[in-house]
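J.: Using the sequences plus the hints, can you model the full thing?
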Amino acid sequence: MPVHHRDQRRGAGGGSTYKVLQTIVTDSTSVSQAQRIIGSGAFGVVYEAKVQETGETVAIKKVFEDKRFKNRELPTLKQLKHPNIVTLKHAFHTAAETPTDLYLNLVMEYVPDNLYQVMKYYAKVKDYMPSQLVKLYSYQLLRAVGYVNAKGFAHRDIKPQNVLICPSTHTLKLCDFGSAKKLAMGEDNVAYICSRFYRAPELIFGSTGYTSKVDIWSTGCVIAEMCLGCPLFPGQTGVDQLVEIIKVLGTPTAEQVAAMNPKYKDFNPRVFPRIKPIGLANALRGRPQMDRGFEALLRVLLRFEPATRMSPILALCLEYFEQLRNQKDLGQEIEAAGGLPKELFKFTSEELLEVGDSRRLAPRRVESPQIVAGPDNTTHTTPSSSSFKSDTFQPLSNSATITTNSS
1 MPVHHRDQRR
11 GAGGGSTYKV
21 LQTIVTDSTS
31 VSQAQRIIGS
41 GAFGVVYEAK
51 VQETGETVAI
61 KKVFEDKRFK
71 NRELPTLKQL
81 KHPNIVTLKH
91 AFHTAAETPT
101 DLYLNLVMEY
111 VPDNLYQVMK
121 YYAKVKDYMP
131 SQLVKLYSYQ
141 LLRAVGYVNA
151 KGFAHRDIKP
161 QNVLICPSTH
171 TLKLCDFGSA
181 KKLAMGEDNV
191 AYICSRFYRA
201 PELIFGSTGY
211 TSKVDIWSTG
221 CVIAEMCLGC
231 PLFPGQTGVD
241 QLVEIIKVLG
251 TPTAEQVAAM
261 NPKYKDFNPR
271 VFPRIKPIGL
281 ANALRGRPQM
291 DRGFEALLRV
301 LLRFEPATRM
311 SPILALCLEY
321 FEQLRNQKDL
331 GQEIEAAGGL
341 PKELFKFTSE
351 ELLEVGDSRR
361 LAPRRVESPQ
371 IVAGPDNTTH
381 TTPSSSSFKS
391 DTFQPLSNSA
401 TITTNSS
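Residue numbers (the UniProt record's numbering): 1 to 407.
Where hints are given, some of them may not hold.
[As the list claims (entries may be wrong)] Pairs of lysine-lysine, BS3-like flavour, derived with a Cα cap of 30 Å:
#	residue 1	residue 2
1	Lys247	Lys263
2	Lys70	Lys81
3	Lys62	Lys50
4	Lys265	Lys247
5	Lys276	Lys263
6	Lys151	Lys342
7	Lys81	Lys263
8	Lys62	Lys81
9	Lys151	Lys78
10	Lys181	Lys265
[To be verified] Ranges between beta-carbon positions, derived for each pair:
#	residue 1	residue 2	range
11	Tyr121	Gly209	52 to 58 Å
12	Glu335	Ala307	38 to 44 Å
13	Glu322	Ala95	52 to 58 Å
14	Glu335	Gln117	18 to 24 Å
15	Leu314	Ala95	29 to 35 Å
16	Glu65	Asp266	34 to 40 Å
17	Gln332	Pro273	42 to 48 Å
18	Glu97	Lys70	17 to 23 Å
19	Lys276	Asp66	43 to 49 Å
20	Lys124	Pro273	34 to 40 Å
21	Gln161	Asn268	32 to 38 Å
22	Asp188	Thr308	19 to 25 Å
23	Thr54	Thr308	32 to 38 Å
Worth flagging that the hints you see were computed from the coordinates, not collected in a lab.
Where a beta carbon is used, it is the ideal one built from N, C-alpha and C, also for glycine.
T.: Structure, rendered in structure tokens:
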């Protein structure tokens, strides 16, 4: 079945735009007509597209498969099924400029906005994001990150641009798993990972043996940015990034540096810059009327020693989120959207296993799925009104053929 895919490019002179229409034959039962480019970067291009038979809008991420690097995004997405993670619907290959090269096309659910755009809007109108939205988005982001980490993955690039937002329901979806990896103990990983403002200090100290705790630091930075309307640690270089962190949290001790990177031998407490920290409370002082418990949440996420950062799932049980659990005083933005997202308290087995008691996560009147052992001794959730159901993934076609026409 053909998939129509429109690739917009500039002409050589830069003054005109032309389009290349590709007809891609796969074993898919759907036909997609790309409408516009909605994102681009070093990874490739993301298109908004429409399934012709159903009218469903989807997003197609087109990535060049560089033979020098292993692309883990497809196998990662196939293992992740969660209400706060973007859903993979289909995947297929298309030919690149040379016969031996390929593009990987990931067809995913379409979510119209991202957190960066939402924060940019509030900055434009010179206002802060409503505190209840900060709380709701923080809760969903922690759920997504906690689930990813529980599945053994580190996302390694959590930032506002990779957090999708549906404005009509305030549902949040974590996306872009191009840097995600299953981290194994004793295995080295590249230290230059994650966007600068959200980079954990152990990465700045050059650690190659880091854990998924780098995601928890990044999550704390994103949550703080929602509150402030600007990055909490706006460093211009790697060294400057560390200075910005020290300005708020203070100079790390030799023990803390060793906890971040045991192999770092250049730390000398006598010559390392000693900066009197302003503290998190003062860093957040510019934002009025943040709810009780917000600073405490950041304190357990933004810690130098990776092992002491609270897991995202346990962070959901903190006092700060009590208002969501009670479903009271949600604010006009959430009420106008019809209340809380429907799947806010529909937890996966991975989430429930870590907490142990689902009553710590969900309101009593919300039915939580029960954890049971399957035939292979693995755990799964029993079918209930609270179980999360994802779209069926259609595998890659090995017999895709392509014809290209210019228009």
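J.: Are the hints correct? Go through all of them and say.
T.: To see whether the hints hold, each was checked on the structure:
1. A distance of roughly 24 Å separates the Cα atoms of lysine 247 and lysine 263; the hinted pair therefore holds under the 30 Å criterion.
2. Pair hint lysine 70 plus lysine 81 holds up; C-alpha atoms about 22 Å apart against a cutoff of 30 Å.
3. Between lysine 62 and lysine 50 the CA atoms are separated by roughly 15 Å; this keeps the pair inside 30 Å, and the hint holds.
4. For the given pair, lysine 265 sits about 23 Å from lysine 247 by alpha-carbon distance, which is consistent with the 30 Å threshold.
5. Among the hinted pairs, lysine 276 with lysine 263 is consistent with the structure: their alpha-carbon atoms are about 27 Å apart, no more than 30 Å.
6. At roughly 23 Å between alpha-carbon atoms, lysine 151 and lysine 342 fall within 30 Å of each other, so this suggested pair holds.
7. With a CA separation close to 37 Å, the supplied pair lysine 81 and lysine 263 exceeds the 30 Å bound.
8. Of the pairs offered as hints, the one joining lysine 62 and lysine 81 holds, with about 21 Å between alpha carbons and a cut-off of 30 Å not exceeded.
9. With a C-alpha separation of about 12 Å, the suggested pair lysine 151 and lysine 78 falls inside the 30 Å cut-off, and the hint holds.
10. Between the alpha carbons of lysine 181 and lysine 265 the distance comes to roughly 27 Å, so the proposed pair stays at or under 30 Å and holds.
11. In this structure the hint that tyrosine 121 and glycine 209 lie 52 to 58 Å apart at CB is violated, the actual value being about 40 Å.
12. One distance hint, 38 to 44 Å for the beta-carbon pair glutamate 335 and alanine 307, holds here, with the actual separation near 40 Å.
13. Between glutamate 322 and alanine 95, the C-beta spacing of about 54 Å keeps the proposed range 52 to 58 Å intact.
14. As the Cβ distance of glutamate 335 to glutamine 117 is approximately 22 Å, the hint placing it in 18 to 24 Å holds.
15. Take leucine 314 and alanine 95: their Cβ atoms lie about 47 Å apart, and the range 29 to 35 Å is violated.
16. At roughly 38 Å, the beta carbons of glutamate 65 and aspartate 266 sit within the given window of 34 to 40 Å.
17. Remark: the range hint 42 to 48 Å for glutamine 332 to proline 273 is upheld by a beta-carbon distance near 46 Å.
18. The hint said 17 to 23 Å for the Cβ distance between glutamate 97 and lysine 70, and at roughly 21 Å that hint holds.
19. Checked against the given bound of 43 to 49 Å, the beta carbons of lysine 276 and aspartate 66, roughly 46 Å apart, stay inside it.
20. With their beta carbons about 36 Å apart, lysine 124 and proline 273 fall inside the hinted range of 34 to 40 Å.
21. Between glutamine 161 and asparagine 268 the Cβ separation comes to about 37 Å, which falls inside the hinted range of 32 to 38 Å.
22. Take aspartate 188 and threonine 308: their Cβ atoms lie about 23 Å apart, and the range 19 to 25 Å holds.
23. Between threonine 54 and threonine 308 the beta carbons are some 48 Å apart, a value that contradicts the proposed interval 32 to 38 Å.
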